[in-house]
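These protein sequence lines are chains A and B, in that order. Start counting the first sequence at 1; every next residue gets the next number (the UniProt record's numbering). Start counting the second sequence at 1; every next residue gets the next number (the UniProt record's numbering).
This list has only true hints and no planted wrong ones.
Taking lysine-lysine and the DSS-like style, the derived pairs with C-alpha atoms no more than 25 Å apart in a straight line are: (1) A:LYS32 with B:LYS272; (2) A:LYS196 with B:LYS20; (3) B:LYS15 with A:LYS196; (4) A:LYS32 with B:LYS15; (5) A:LYS32 with B:LYS293; (6) B:LYS20 with A:LYS197; (7) A:LYS219 with A:LYS32; (8) B:LYS15 with A:LYS66; (9) B:LYS15 with A:LYS195; (10) A:LYS50 with A:LYS197; (11) B:LYS20 with A:LYS32; (12) B:LYS20 with A:LYS66; (13) A:LYS197 with B:LYS15; (14) B:LYS20 with A:LYS195; (15) B:LYS116 with A:LYS193; (16) B:LYS15 with A:LYS16; (17) A:LYS193 with B:LYS110; (18) A:LYS197 with A:LYS66; (19) B:LYS272 with A:LYS20; (20) B:LYS15 with A:LYS193.
Note that these hints are calculated values from the structure, not bench results.
The primary structure of each chain is shown beneath.
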Amino acid sequence: MKVLVPVKRVIDYNVKVRVKPDQTGVDLANVKMSMNPFDEISVEEAVRMKEAGTATEVVIVSIGPKQAQETIRTALAMGGDRGILINTDETVEPLAVAKILAKVVAEESPDLVLLGKQAIDDDSNQTGQMLAALLDWPQGTFAYKIEKDGDALTVTREVDGGLQTVKLATPAIVTVDLRLNEPRYASLPNIMKAKKKPIDEKAPGDYGVDISPRLSVVKVTEPPVREAGEKVEDVATLVSKLKSAGAI
Amino acid sequence: MHQIAPMSEDQAAIKAAVEKTLEPFGDDYWAKTDETGDWPEEFCDAMAAGGWLGIAFPEEYGGAGLGLTEAALMMQTVTRTGAGYSGASAIHLNIFGPKPLERFGNPEQKRENLPKIISGEEKMCFAVTEPNSGLDTSSLETKAERTNTGYTINGRKIWTTGAQRADKILIIARTTPKDQCAKPYLGLSLFYTDLDPNKIERQPIPKMGRKAVECNMLYIDGLEVPKDHLIGEEGEGFKYLLQGLNPERVLFAVESIGLGFSALERAATYAKERVVFGRPIGQNQGIQHPLAKSWAELSAAELLAYKAAGLYDAGQDCGAEANSAKYLGTEAGFRACETAVLTHGGMGYAKEYHVERMMREAMLARIAPVSREMILNFIAERVLGLPKSY
Ligand SMILES: Cc1cc2nc3c(=O)[nH]c(=O)nc-3n(C[C@H](O)[C@H](O)[C@H](O)COP(=O)(O)OP(=O)(O)OC[C@H]3O[C@@H](n4cnc5c(N)ncnc54)[C@H](O)[C@@H]3O)c2cc1C
Ligand SMILES: Cc1cc2nc3c(=O)[nH]c(=O)nc-3n(C[C@H](O)[C@H](O)[C@H](O)COP(=O)(O)OP(=O)(O)OC[C@H]3O[C@@H](n4cnc5c(N)ncnc54)[C@H](O)[C@@H]3O)c2cc1C
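Excised from the complex, chain B in its bound form:
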């Protein structure tokens, strides 16, 4: 059931419908958003109107009740059309960002928030990374201190995607000092609350690619959070966060794979048409083989990503598969984009052929939300049983 080869009738219908929805948003649309930095509003509206944002949420909140497999298929289709991360990242957070809320929020929090996220009426951002702690989440410095009515949050976050337009923020902060906790990952709490622009200063970070979907530095100064915006138990936030990590890794994997296939297709087309030294450049093995290799790498990573999604949908552990797929998929995606640029010769460096934009975007998925090194640390330690290295 949870597989994509061969695709079920539903999956084929999802893929075809997403392709149709994306049809009006061609290369020029994405090239323009990348130039101006304007949020891809029309694209987001079209996806929300088609009910796509609710793909993996229960029907009672207006979702379609499908699994990670279908969500992944949808996101891969988005990047595959050429939308890349400019498209995927603009809706990515609506798809899996609210998972901790769905899993661990109370019925009232879900009823209040999920339908608005699914309809696109509200947008959220996800604030975990901090300038001084990086991948070492247990060392984050943002504090949530108890008040009579709830909490006051102070601190800094970095890289928070989409914070300029978000109505809500899913934020993790320390509620008990690390040295008073039995383990470093305890004492962190998760909140889903209003992004009050008077209490959170947001500064966009100029960056390499995906200009349309901005990332921000957040300065949080006295953000008042009512008690009922706490998700689950105080001090258990990191555990809740972890639950959403595997699906997110799978989504990053397939988004990169879709992007890679898109770049590869362009390169193959160009290699067939471009004639130098009296024949198509694609007739040379020096051009053919890197393209063929990319196809094989993307396809292998794709298989692993959907294996992870299938395990997740079946309620089984998928940590090793999801992490490996994220590693392989984002590496293969980047390599495919790089190969596409090289295949285009000088034109690969020109914006006109779109592959340089794809290469810049593919780079981000190698770094965020978890780096290659941390994935390899995970596999070494948890799968191969090697001593923890950090």
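Pulled out of the complex, with its shape left as it was, chain A reads as follows:
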């Protein structure tokens, strides 16, 4: 089974993001960037499949700026076999990403595309679903467990109120959730090995995909600051306070 794993370069999850003064987005200058944590989980899962003998090749793909190559290298250091960088400095919306990935899929013919359920920068939670629709492939989203079952995949999904198990014919799209696995750290010997693994460089134009934005962002703001609470003596005071505040 050949596995394609798309990875995205995003603001590191430890960074406290700052909104730009003009409210058009968040400030990315001099901010630490890393692989989207959900993508680390999908890379880990693909590498485990390879170690278990169920996957034959793990191909890493990233769409983004030149530096996204570092993100691909990290995935290669975790155990991916080779990479494809689709280089663009433009903002690429989920639909455009899905369209480019559909072309990569046509070229690479993977049996499985493993994506993160969402990227922690825009939290769109759309790319996997859109890709499944464009390819007309079965999808298993929010994977908690993935098992190979003959030519099919059994995917246990995290849904509201519990777990749901679905069976997918391959080729298929699976998006991974937080509890699927615990990603490994790249070891130094594997970082050194990753340097020798090939990364193909492409541009969105090579796939004939128009990435011009379809969405416009109206405004980005900081979450409102939580106001300090107030302690009251007893229930009677609470009720009267709530009444005077018009809450009840």
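Given chain A, work out where chain B with the ligands should sit, using these hints.
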């Protein structure tokens, strides 16, 4: 190539991976090891498992074949995360301690020993300093006397770091009396041998900081050393030792710089949040300026440290740069920690904020492995051409 601004892709990957490896070891972990004095076993295991101990050793022995620049980046990242010297010193000796062995050992000695050091299977300690000779290494009193099969070593060493857990000892001892040598630094020999606990009594020295990584007084009584544990030529040991000094100075520099940046970051955070007299204390220049000054000092020392590392990796002389970086880096590191304590007011003196631990640790790098005065002696004499003062 040998630089860190801007970082190469490999260097960025190394930094990110070391940060990840350190993530499970937070402030509480290091505060606890500092309280109990327990060796940071889990941390050392994680670093060994990630292949980090071999960063600067040739690939044929299981290393990564990278340079001092990358080793320095790794060690700076370790202290920068808050691990300080409790973390750095626990692996420091595996990184550069065996350099004399790698450079001057014979192929068999290297094949036998280097892979075990790199995998973390064996730990070593480095015994140079003695109670009666101090920085004047040529006057050391430990003797290695020839026997039919090798040597017998007798003497005392002080401050030997990590000797409680070491399997091996890299030890320098006199093989020819000083008065029979053409120069005082001849007649010293270097051995890499088993630390036989029956022949070496090890007494830990209670000390100011870095409790987790102990230092010892060693009483060496009749340690038998086979001939093939001698490194290189008899009598040339000091020369071999010197080769490892510049890299070690660079590592001490960046370890202190990383520690200083860590303390500084905590202080800046605290200064932003702590409100007295109706505003954040960090709004006062009396608080801001010392922090800003520390940042500038750390950054300048960092630049010099990586210049030294770059020269070393390019096979060029880096004595002046490595010594100066050690001086500036450890001073700046200490000052940053001290400033961080002062910025925290009373809480700076409390263990809860970790900066007092950092300040205690930063002190050690000003003294060991070479003091400020000896560095200045070196620069005065070797760089400025002033008469030798000692
Ligand atoms: C935490 C720690 C770990 C250590 N680990 C090790 C280890 O693993 N292995 C090891 O071998 N050693 C180790 N050491 C020892 C360390 O290298 C020595 O402490 C250091 O070299 C200073 O030597 P000394 O303590 O004998 O000081 P001394 O030589 O007694 O010097 C005392 C003071 O006098 C000054 N001084 C001496 N001569 C001159 C001069 N000519 N001009 C001006 N000033 C002078 C010095 O600068 C210093 O300030 C460690 C020390 C510490 C604190
Ligand atoms: C060992 C110890 C024993 C103590 N014992 C006692 C005791 O017995 N009884 C008691 O009541 N207290 C005691 N204290 C508390 C001590 O008096 C306070 O820590 C001290 O007054 C500083 O207050 P703070 O810690 O709240 O610092 P903060 O007021 O938070 O000040 C933090 C930093 O900001 C600086 N700063 C604040 N405002 C300004 C400004 N406007 N301009 C420039 N800089 C500013 C301060 O100089 C300091 O460096 C003790 C403290 C210690 C460490």
